[in-house]
Amino acid sequence: MFKSIGIIETRSIAFGYEIADKLLKDYDVELLQCKTKCPGKFIIIICSDTQNVNDAIISIKRHKNLIGNLLISDAHQKLIDGLKNKFDTYKNGAIGIVESLDIVTGINSLNKILKNNNVNLLKLNPSIMIGGKCYFIINGDLSSVEQAIFGGIDKKRLQTSVIANPDTELISKL
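Residue numbers (this note's numbering): 199 to 372.
Think of the hints as simulated: they come from the structure by calculation, not from any bench. These figures come from a predicted structure and were not determined experimentally. For every residue, glycine included, the Cβ atom is placed at its ideal position computed from N, Cα and C. Nothing false has been slipped in among the hints.
What follows is a list of derived Cβ distance ranges for each label pair: (1) Gly238 <-> Lys259: 18 to 28 Å; (2) Asn316 <-> Lys282: 19 to 29 Å; (3) Leu222 <-> Lys321: 20 to 30 Å; (4) Leu368 <-> Ser341: 19 to 29 Å.
With the hints as constraints, model all of the structure from the sequences given.
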């Protein structure tokens, strides 16, 4: 069964914890992340089948402290693992770094990259303590990483970079 991800952003930390608790009690969802994002903002990321995630998001859509939300149907398993802080290990080749201005754009782009390219996920930071930005690092052979980064994602709200044979010290600091 494919899983879906729901991303909920609020402008209140207290409300964020309250919503997370409500969603866990009222819906069959797994809480992947629940934390402050940047000053005064809070992010909740849930996972389940599409219907549960959709119902959970609809239940809180009209609240005044809600900034935004997103449903990603059929999320790639590596994305779900990355949100649980489980990552692939570096294999010789290239790395690609993608930075977005917001979490929704970043996670949506990462899901598309993972679904359409043969790359590994080395790191995912969904806008925690970096001014609301989101970034991730992928790895694979140079042509796969270039295709992933330059091929099928909308780059209007993204900064990207590809490093062909990264230094081992850099890899150790990822």
